[in-house]
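Colleague: Chains as they are written, first to last, in the working numbering: chain X, 3 to 502; chain V, 686 to 1180.
Derived by calculation from the structure, the hints in this document are not laboratory data.
Quantities reported herein were computed from a predicted structural model and do not represent experimental measurements.
A few of these clues could be false.
Mimicking SDA-like on lysine to any residue, the simulated pairs with C-alpha atoms at most 25 Å apart in a straight line are [said to hold, decoys possible]:
(1) V:Lys-808 / V:Pro-860
(2) V:Lys-948 / V:Glu-962
(3) X:Lys-393 / V:Val-985
(4) X:Lys-23 / X:Arg-6
(5) X:Lys-349 / V:Thr-840
(6) V:Lys-825 / X:Lys-23
(7) X:Lys-393 / V:Thr-804
(8) V:Lys-775 / X:Glu-289
(9) V:Lys-775 / X:Arg-339
(10) X:Lys-349 / V:Ser-789
(11) V:Lys-775 / V:Lys-920
(12) X:Lys-349 / V:Thr-833
(13) V:Lys-714 / X:Tyr-107
(14) X:Lys-349 / V:Lys-714
(15) X:Lys-369 / V:Ala-839
(16) X:Lys-369 / X:Pro-423
(17) X:Lys-393 / V:Tyr-779
(18) V:Lys-775 / X:Ile-384
(19) X:Lys-369 / V:Ser-964
(20) X:Lys-300 / X:Lys-369
(21) V:Lys-859 / X:Lys-300
(22) X:Lys-98 / V:Pro-780
(23) V:Lys-775 / X:Lys-349
(24) X:Lys-399 / V:Val-985
(25) X:Lys-98 / V:Tyr-779
(26) V:Lys-775 / X:Arg-114
(27) X:Lys-393 / V:Ser-789
(28) X:Lys-89 / V:Thr-731
(29) X:Lys-98 / X:Ala-381
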Amino acid sequence: MSERIIDKTAAELADDIRDGKLTSVEVTQAFLDRIAEVDDTVGAFLTLDAEGALKAAAEVDTALGAGERLSPLAGVPIAVKDLFVTKGLRTTASSKILEDWIPPYDGTIVSRLRQAGLPILGKTNLDEFAMGSSTEYSAFGATKNPWDTDRIPGGSGGGSAAAVSARMAPIALGTDTGGSIRQPGAVTGTFGGKPTYGSNSRYGVVAFSSSLDTPGPVSRNALDGALLNEIISGHDERDSTSIPQDVRPVAEGARTGATGDLDGVTLGVVKEFADGSAQGAEAGVLEAYQAGVEQLIKLGATVKEISVPHFRYALPTYYLIAPSEASSNLARYDSVRYGLRAGDDGKHSLEQVMSLTREAGFGPEVKRRIMLGTYALSAGYIDQFYGQAQKVRTLIKRDFDAAFEQVDALISPTTPFVAFPFGSRTADPYQMYLSDLYTIPSNLYGGPAVSVPTGLSEGMPVGLQVMGPVMRDEVCYRIAAALETTQSPLLADTVPEIEE
Amino acid sequence: MTTLNKYDKAVADYEPVLGLETHVELGTKTKMFCGCTTVFGAEPNTQTCPVCLGLPGALPVANRTAIESTILIGLALNCRIAEWTRFARKNYFYPDMPKNFQTSQYEEPLCEDGYVDVTVDGKEYRVEIERVHLEEDTGKSLHVGGDTGRIHGATESLLDFNRAGIPLVEIVTKPVPGAGELAPEVARAYVTELRDILRSLNVSDVRMEQGSLRCDVNLSLNKPGDEWGTRTETKNVNSLRSVERAVRYEIRRQSALLDKGEKIHQETRHFHEATGETSDGRSKETATDYRYFPEPDLAVMEPGREWVEELRQRLPELPSKRRARLQGEWGLSDHDMDSVNNAGAVDLIEATIDAGASPSAAFKWWMGELSRRANDAGEELDSMRIGPGEVAELQNMVDEGKLNDKLARQVIDGVLAGEGGPAAVAAERGLEVVSDSGALEKAVDEAIADNPDAAEKIRGGTQAAAGPLIGQVMKATKGQADAKTVRELILNKLS
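Produce the entire structure from the sequences given, and follow the hints as far as they go.
Modeller: What follows is the structure, encoded as C-alpha cells:
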C-alpha cells in the first residue's frame, strides 16, 4: 500500500476512514491539494467546490464519530462530470450556452452520492454536451492526458478520466453514450464501467441521446468502480426508462474476479474486430490486447471467435440515432429561460435572438450533430435515415443476443488507437468518430460493458473491453477484476509523471 | 374588406365538409409528466418544477390518471383502445414551450376509430372520430406595455408556465360531409355533445371560457359532385356559439372566393369573437416540419385488456342515453328536447326539477326567458348568474301566487344583477303581488264605478269587456296584482 493518501484506492480510503485511520476531511483535503498542484497543467476541472466538499466530509466524520453506519464509500471524495446537474453548483455541460447556469435541483445520482456521504470535489471537463472523443470540443479548453500532456485524455469524459488518472480524485462519475466512459478510461489507464442502460437513472443528467446515455463509474480498478456503481444504481421512478430491478451485485463480481479464477467462463472474441487493421486499429493496441486475451486464457477462460455481422453498421447507426435525439434534446437551449442570450438589443426579433444565441452558444461539433439529427428526422428523410437506423439497431441487438447464447461475455480492444496528439483528428470528424468504433455496439444493444487497462503501446495505456448481456453487469466486473490480478504492479497504480 | 356571400346562396351552391379538432384539458390533480399541481388561476410560475420547465436533465414520467381519463374518453366515444401505444416528440420552437418540443402522440394514439351521434332538427348525424390522443399543454405568453395586449406594440413579453405540462386530450374527427346548410349547427351540436360526454365522465371541467375546451374548426367547400375542396383551419374557437359562427363565416367567405374563381389556400385562420370573422394566420404551405419521432424518455404503454374492461365498467350513463330517459320523464317532444340539448340546458333543467319545480315550469323558464337573456348577452346559459335552485324558488313563488309572470321577470333582473336570491330581490324591490283583499276590492270597486258602460256589458254577459277594468286595477296596484284574481273578482261582482 502506498504512503500517500492520493495513491490509495477508493476502497482503501473508505476502510481507513471507517477504521478511523484517516478522516474524510483529511482525505478530501489531500485531493484538493493535489488538484491545486497539478490541475493547472491537466485542466480536468471546470468548477471546484472545496467548501462544499469539506463540509460534506466533516459531516461524514461527525456521523462516523457518532457511530452511524454509512455507505461502503462514505467519506471518499468524488469528481463529477459536468453533465450531472448539481444544485447550487454551476453546471455547464462544457458549453457556452450554459456557462453561468446554477441548477435549482440535484439529479437522482447526485442525490444518492450526497446521501451516501461522498464529498463532491468539483465538476469535470467534457466535450461539449458529451459530443466528442477527445475533450477538445469543450468550450472551456481541452483537458490534457496525464500520461502525456501533448495528447488527448479521451472523450467525452476526458475530465473525469484525467482526474482519476492524475490522482486528483479516487473515483469519478461519467456518462457513456457511445463510449464516453470506456474510451477515456482506456487512453488514461483507468477503469471505466458502462452499466446496463436503465440501471442507472438519467434524471438530472443533461441529455445528449436519451436512448443511449448511461451514467457510470470511472475509477482506478474494477472494485472501486463496482462500489461506486452500487451506490448510484437502482430503480428511479423519476426516470421512465429506469429498470425496476435491484442493483446488480457488481462488487461481488469484482471480488470473485479478484481471486484470479476464470474457470468455466467462456469469452467471445469479436471476429469482425479481430483484424482491426481494416478499421485503422494500431498494431501496438492489438498486441497489448492480444497479451490481455492470453492472460485471460491463463486464468482459465475459454475463448472462441464469435461473429457479430452487424457490428460494422454500428458506427453509421449511432451517428443517425444519437444526433437525431440530440437535435431534439438540445432544442431547449433557446435563450428564453436560462443560459446565454445573444442579440437581445431591441433590434432583433425573437427568432433572431434564438438563432444568434444558438450560433454563439454552441460549438462546431454540437452544431454539426444538430444539423445531422435535424436532417435525419426531417420529413421525407426520416424513414430513410432514422427509421433505417432503428431497424439496424434491432439487428445489432439480435447479434448480441445470439452471441450471448454461446459465450458469457464478448471481449475486444476498447479503442482502435492510443491517445492521439491534440488537433490531429479535429479536422476530419470521421477520424474522430472512429475512436468509438468498438464501444458503440454495446450502447446500441443496451448491455453492460467495461474497459480495463491491459497494457501499454508507445508508452500509452491500452484498454480491454468486456461486453456483457443486459442486466449481467457482474460478469464484466468479474472478468475485469481477474485481468487486474495479472498485472504487477497494477497498471492503474502507475502514477503518470505530469510534465508541464 | 373581405367579401362574403349570402349564407343561403353559399349552401345552395356548395357542399361544406367539416372537421373538428378539440383540445380538452384534463382535470387531473397533477400535470401530465410531473407532480406539479394544476389549479386554475394561480400566481404565475408557482406551479412549476424542473420537469415542466424543461430544465436540463429533467425527465418526464407519464401520469396514470391522465391515461385512464383518455381511455375513458375513448370508450365513451366508441373508440378502439390501442394495445400498444407510445408518445412522440413534436419539434418546433416557441417561447412558451419549455423544451421546444411537445410530448404528444403521433402514429400510435391511445384511441382510434370511434363516433358520436348528434341530432339536429330531428335528423341524426354520425360524426366519426379518427383519433383521441394525449399530450401536454404549453405555457402562456403575456404581452405587456402595449395598448392591445397583443405582441405588436408590446414592450415586454412575460411567460407563465403554470399551464405547461397540463394533460391535454386531442379529439380529432374524420371529415364530416353531408351536413349541408346545417353544417354550423352540426358542428355546434357535436361540440356540445362532446362537452356533455366529457362532463359526464368527470375528466375535465370543460370550461370553454377558461380554455379547458378549445376547438379548431376545419372547413372546405366543393361543388356538388366534385372532389372535396381545400380546407382552412380556424384555431382556438372558444365558445359553442363561436363554433357555429366560425363555420358559417367560412362558408360565406370561401364560397365568395370560389365564385370569383380563386383558390382556397390551406392555412390556419384566427377567429375573432367580437366580430365573428376569421382572419388569415400562417400559411400551411410554409408549414413547420415537426420532425416527429418516438419519445425516447418515456416507456411504451401497453394498456392491458383487463384494465380497459375495468374502466369500461366505470363509464357513467352517457348523455344521449340520459337525454332519452329524461325526455320520457319530462314528456318533451323531440323538437323541444333537441332545443334543450342544443342550448346546453339538460343539466340545468334536471337540477331545477330536482329543486322542486315541475318539468314544464323548468322548461318554460330556461328555454324561454332565460335563453332569450343569455342570447342577448352573448352568454351560455350555464354561465349566467342564476342557477337551478333560484329558478325553482322563483317558480314556487309564482305557484304560491306571490309573483305573477311580469313580477317574476323583474325578480330575474335583480337576481342577474347580483342582488341576491328571488325571495330577497322580491322583498328588496317590493315586488310581491298585492294579496291584501281589502285593497284589491277597493280598486275593483273603483274601476267598476269609473267604467259604467263596460260594467253594463259584463252584466249582459260580454266577459271580454272586463279588459279595461282589469287594466285599471293593475295600474292602481302598480302591476302587483294577480290578473287572474282581479278578473275573477270583477266577474263575481258583476254576475
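Colleague: Now, for every hint given, state plainly whether the structure supports it.
Modeller: Evaluation of the provided hints:
1. V:Lys-808 / V:Pro-860: At roughly 19 Å apart (the allowed maximum being 25 Å), Pro-860 of chain V and Lys-808 of chain V satisfy the hint.
2. V:Lys-948 / V:Glu-962: holds, 19 Å
3. X:Lys-393 / V:Val-985: The given pair, whose Cα atoms are some 17 Å apart, holds under the 25 Å limit.
4. X:Lys-23 / X:Arg-6: holds, 13 Å
5. X:Lys-349 / V:Thr-840: holds, 12 Å
6. V:Lys-825 / X:Lys-23: With Cα atoms ~58 Å apart, Lys-825 of chain V and Lys-23 of chain X exceed 25 Å; violated.
7. X:Lys-393 / V:Thr-804: violated, 48 Å
8. V:Lys-775 / X:Glu-289: Distance of about 49 Å is beyond 25 Å: violated.
9. V:Lys-775 / X:Arg-339: holds, 20 Å
10. X:Lys-349 / V:Ser-789: violated, 35 Å
11. V:Lys-775 / V:Lys-920: holds, 18 Å
12. X:Lys-349 / V:Thr-833: holds, 22 Å
13. V:Lys-714 / X:Tyr-107: holds, 23 Å
14. X:Lys-349 / V:Lys-714: violated, 42 Å
15. X:Lys-369 / V:Ala-839: Distance ~33 Å between Lys-369 of chain X and Ala-839 of chain V Cα, so the pair is violated.
16. X:Lys-369 / X:Pro-423: holds, 24 Å
17. X:Lys-393 / V:Tyr-779: Distance of about 32 Å is beyond 25 Å: violated.
18. V:Lys-775 / X:Ile-384: holds, 14 Å
19. X:Lys-369 / V:Ser-964: violated, 38 Å
20. X:Lys-300 / X:Lys-369: At roughly 48 Å apart (the allowed maximum being 25 Å), Lys-369 of chain X and Lys-300 of chain X break the hint.
21. V:Lys-859 / X:Lys-300: violated, 70 Å
22. X:Lys-98 / V:Pro-780: Judged against 25 Å, a Cα distance of about 20 Å means the pair holds.
23. V:Lys-775 / X:Lys-349: violated, 30 Å
24. X:Lys-399 / V:Val-985: With Cα atoms ~18 Å apart, Lys-399 of chain X and Val-985 of chain V stay inside 25 Å; holds.
25. X:Lys-98 / V:Tyr-779: The hint holds at about 22 Å.
26. V:Lys-775 / X:Arg-114: With a Cα-Cα distance of about 33 Å, the restraint between Lys-775 of chain V and Arg-114 of chain X is violated, given a limit of 25 Å.
27. X:Lys-393 / V:Ser-789: holds, 23 Å
28. X:Lys-89 / V:Thr-731: The given pair, whose Cα atoms are some 19 Å apart, holds under the 25 Å limit.
29. X:Lys-98 / X:Ala-381: violated, 31 Å
Of the numbered hints listed earlier, those contradicted by the structure are 6, 7, 8, 10, 14, 15, 17, 19, 20, 21, 23, 26 and 29.
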